[in-house]
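**Q** Listed below are the residues making up each chain.
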Amino acid sequence: MSAHGPAERLPRLRAGGRVDQLHVLAFEWTKLRSVRSSAWSLFLAVLFVIGIAGIAAYVQIHHYPSEQALRANVHPLPLSLAGVQLGQLAIGVLGVLTITAEYSTGMIRSTLAAVPKRLPVLWAKALVYAVVTGLLMVPSAIAAFFLAQAVLSTRHVSLAFGAAGVTRAVAGAGLYLVVVALFGLGLGALVRNTAGGIATFTGIMFVLPPLLDVLPASWNRAASPYLPLNAGESIMQIQPGPHLAPWVGLGVFAAYAAVAIALAALLLVRRDV
Amino acid sequence: MIVARGLTKDYDAKRAVDELTFTVEPGVVTGFLGPNGSGKSTTMRLILGLDAPTAGTVTVNGCAYRDHPAPLREVGALLEARSVHPGRSAYSHLLGLARSHGLPKRRVDEVIDLVGLAGVARRRSGTFSLGMGQRLGIAAALLGDPETLVLDEPVNGLDPEGIHWIRELMKGLARQGRTVFVSSHLMSEMALTAEHLIVIGRGRLIADTSMADFLEQASPRLVHVRTPQEERLRALLTRRDVGVVERDRGLEVRGLTAEQVGELAAEHGVVLHELAPQQVSLEQAFMELTHDRVEFSSEERKAA
Chain W
24 MSAHGPAERL PRLRAGGRVD QLHVLAFEWT KLRSVRSSAW SLFLAVLFVI GIAGIAAYVQ
84 IHHYPSEQAL RANVHPLPLS LAGVQLGQLA IGVLGVLTIT AEYSTGMIRS TLAAVPKRLP
144 VLWAKALVYA VVTGLLMVPS AIAAFFLAQA VLSTRHVSLA FGAAGVTRAV AGAGLYLVVV
204 ALFGLGLGAL VRNTAGGIAT FTGIMFVLPP LLDVLPASWN RAASPYLPLN AGESIMQIQP
264 GPHLAPWVGL GVFAAYAAVA IALAALLLVR RDV
Chain E
2 MIVARGLTKD YDAKRAVDEL TFTVEPGVVT GFLGPNGSGK STTMRLILGL DAPTAGTVTV
62 NGCAYRDHPA PLREVGALLE ARSVHPGRSA YSHLLGLARS HGLPKRRVDE VIDLVGLAGV
122 ARRRSGTFSL GMGQRLGIAA ALLGDPETLV LDEPVNGLDP EGIHWIRELM KGLARQGRTV
182 FVSSHLMSEM ALTAEHLIVI GRGRLIADTS MADFLEQASP RLVHVRTPQE ERLRALLTRR
242 DVGVVERDRG LEVRGLTAEQ VGELAAEHGV VLHELAPQQV SLEQAFMELT HDRVEFSSEE
302 RKAA
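These protein sequence lines map, in sequence, to chains W and E. If you count the first sequence from 1, position 88 lands on 111 in the numbering used here, and the numbers rise without skipping. If you count the second sequence from 1, position 62 lands on 63 in the numbering used here, and the numbers rise without skipping.
Only chain W is shown next, with the shape it has when bound in the complex:
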C-alpha cells in the first residue's frame, strides 16, 4: 500500500465555494468564449451587418449613376441595415447552438451536475449572450449606417444620423438582434436539438411570413404585423407602412422570446437530462 498514491498528491481545497447566479454567469461566459464556433458566428454577424451595408451602397451608386435616379430608387436607411437580414441568421443560429450544443455533446450533464437547480444556467446563458450580442451589434449597426452613408455621400445622397427616427432605427437594429439572440436561445432550450432548433427558428422567422399569404388578404394584413420577424423589424422602420409602432413591435417580438424562454425554463426543471 503506497502512502503517496495519486489521492495523497492531490492538494486539499480550503476555500468554500458555492453556486450563485454571479458564479453561474462567470461559468457561462467562460463557456461562450472558449469554443471557436461562438467567435466565428459573432465575427460573421459583424461582417454581414457592416460588410453588406457597404457592398449594397457601392452596388447602388454604380447601378444608378445619376443622383436623381439614386434618390428616386434607393432609401438610405434600409440600405444601411441590409446586412441585418443575414446577420440575424448567424446570431439566431448561435443562440440555438449555445444550448443545443450542450445537449449534443453531453456537456449539459457536466453543466447541470455543477448547477443542479438548473434555472440559473438558463438565466445566465440568456444574459451573457444578450449582453455580448448587444455590445457587438449596436456598434456594428451604427458602423454599417456610417459606412453606407459615406459611400452614398460620394453621390450627395445621404441621411443624417440625427434625422427623425434614424438613431432609433439604427441602434434599434442592434437591439432587434439582441432579441433574435434570445429567441434563438429560447427555441434551442425548448427543442434541445441543434437541427430541430435551427429548423424551428428559421421556420418561425422566415418561412411563416410568406406562408401567411395563403390567408385571405384581410386576415393576412391583420396577422402579419404580429409575426416575430415583422414585429421585430418595426424598430428599423422610419416610413409609414403596414407595421406596428417601432417600440410596440420590438416589444411584441421580445414577448415571443420571453414566452420561448419561460416555456424552456418550465421544461428545464421538469425534464430528465
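In short, the hints are calculated from the structure, not lab data. It is possible that some hints are incorrect.
[What the hints assert, rightly or not] Calculated Cβ distances over 10 Å to all of chain W for the following chain E residues: (1) G97; (2) E169; (3) L206; (4) R240; (5) A277.
[What the hints assert, rightly or not] Partner residues aside, some chain E positions facing chain W, computed with beta carbon under 10 Å: (6) R46; (7) G50; (8) P87; (9) G88; (10) P105; (11) V112; (12) R179; (13) E247.
[Unchecked claim] If you only want the chain E side, here are some residues facing chain W, beta carbon under 10 Å, derived: (14) A14; (15) L51; (16) D52; (17) A53; (18) A65; (19) V76; (20) S84; (21) H102; (22) R125; (23) T128; (24) F129; (25) G173; (26) A175; (27) Q177; (28) P229.
Backbone N, C-alpha and C fix where the C-beta goes; we use that ideal spot for every residue, glycine too.
We have chain W already, so just place chain E on it with the hints.
**A** Below, chain E alone, put in the same frame as chain W:
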C-alpha cells in the same frame, strides 16, 4: 455517504431501476456491479439529480444533491458518456466548472497536474484519446475536493498504466475517509479495488455485501482428480452425495474441497495422480449469480 431508499425509475413503460435500497458508506471503495443495461448508470444519474426518480429518494451526505449549496464540493462525478464539449480545451472546461462554484483558478492547474494532462490541457478535448477523456472526467470529479465520488466505469478506455493509477487513486480517496462509489460490469476489475459490493440485475438489488463474503459465496468448491482407481473413488464419492462428472481423463468433484477429497482417498488407500482445486472465474460466478436472479425474478413475476 449515499443513501437510496426505494429508488425507482421508469422510462415510459420500462422499469430501469426497481426499488433500490442501499447505503454507500465512507472509508471504503464500494463497487456497483451489474451487467450492461442493469440500471447502474441510471442509478448514478438519479444520485446526481440529472434524472428524477419515479418513486423513492436518494440523498448524498445528508440531503438531496440539488439542495447542496456547493454540489461539486460534495460529490465529484464521472459520468458514463463523455460530458464535455469537444471544441473546448480541457483547461477551459475545468475553468468553467471552477467558476460555477467560485473556486480559485489555481485549483484547475492542480487537478490537471494530478491526472497528467498538463501537456495537453490547452488542446481541444475532441482530439483526446478515450483514456485522456477519462482522465479529464476524473479531473472534473476531483475539482471540488468532494467528500463523495461517483464514478461510472472509470477504467473504460484506460491503458494498463492508467488502470493501475485509477485503482490506486480510488483506494487512496477511500483511505482519506471519502465515499467512493464506482460502477463496473467487470467483476474482475471490482475484485481488485472494491471492499464492498452492491450488485444489481435488471434494476433490482441482488447483493449488498462485503467483497470477501461475495467471493466466499460465489466460488463453489470444485476439484479435479486423476486416479488409476477411478471406479473405486467414484463409488466413495457418490456415497457422500457430491456431484461427480468425468472430465479431462479424470473426475470433476463438486461440493468438496481438495483437502477433503485427498483425505477421503488416503483413508481408503486410493492412489491419486492429480488433485487440483478448480478456480471458477469471478466473472463466471458473477454471471451465474445475476443470471439466476434475473431468471428467478421473471419466473416470479409470471407466477404472480
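**Q** Look at each hint and say if it fits the structure.
**A** Now for the hints, and whether the structure bears them out:
1. G97: G97(E) not clear of chain W: closest Cβ-Cβ about 4 Å, inside 10 Å.
2. E169: The claim breaks: E169(E) does not keep its Cβ more than 10 Å from every Cβ of chain W (closest is about 4 Å).
3. L206: Since the minimum Cβ distance to chain W is about 22 Å, L206(E) lies beyond 10 Å and the statement holds.
4. R240: R240(E) clear of chain W: closest Cβ-Cβ about 48 Å, beyond 10 Å.
5. A277: holds (32 Å)
6. R46: This hint holds: R46(E) lies near chain W, its Cβ roughly 7 Å from the closest one there, short of 10 Å.
7. G50: OK, holds: G50(E) within 10 Å of chain W, min 5 Å.
8. P87: This hint holds: P87(E) lies near chain W, its Cβ roughly 6 Å from the closest one there, short of 10 Å.
9. G88: OK, holds: G88(E) within 10 Å of chain W, min 4 Å.
10. P105: holds (6 Å)
11. V112: holds (7 Å)
12. R179: holds (8 Å)
13. E247: Hint on E247(E): violated, closest Cβ of chain W at ~45 Å, above 10 Å.
14. A14: This interface hint is violated because 16 Å lies over the 10 Å limit.
15. L51: For L51(E), the interface hint holds, since the closest Cβ of chain W sits about 4 Å away, which is under 10 Å.
16. D52: holds (4 Å)
17. A53: holds (6 Å)
18. A65: holds (9 Å)
19. V76: holds (8 Å)
20. S84: holds (4 Å)
21. H102: holds (4 Å)
22. R125: With a closest approach of 8 Å, the R125(E) hint holds.
23. T128: violated (13 Å)
24. F129: violated (13 Å)
25. G173: With Cβ-Cβ at 3 Å, under 10 Å, it holds.
26. A175: holds (8 Å)
27. Q177: holds (6 Å)
28. P229: violated (48 Å)
This entry does not satisfy hints 1, 2, 13, 14, 23, 24 and 28, going by the numbered hints stated previously.
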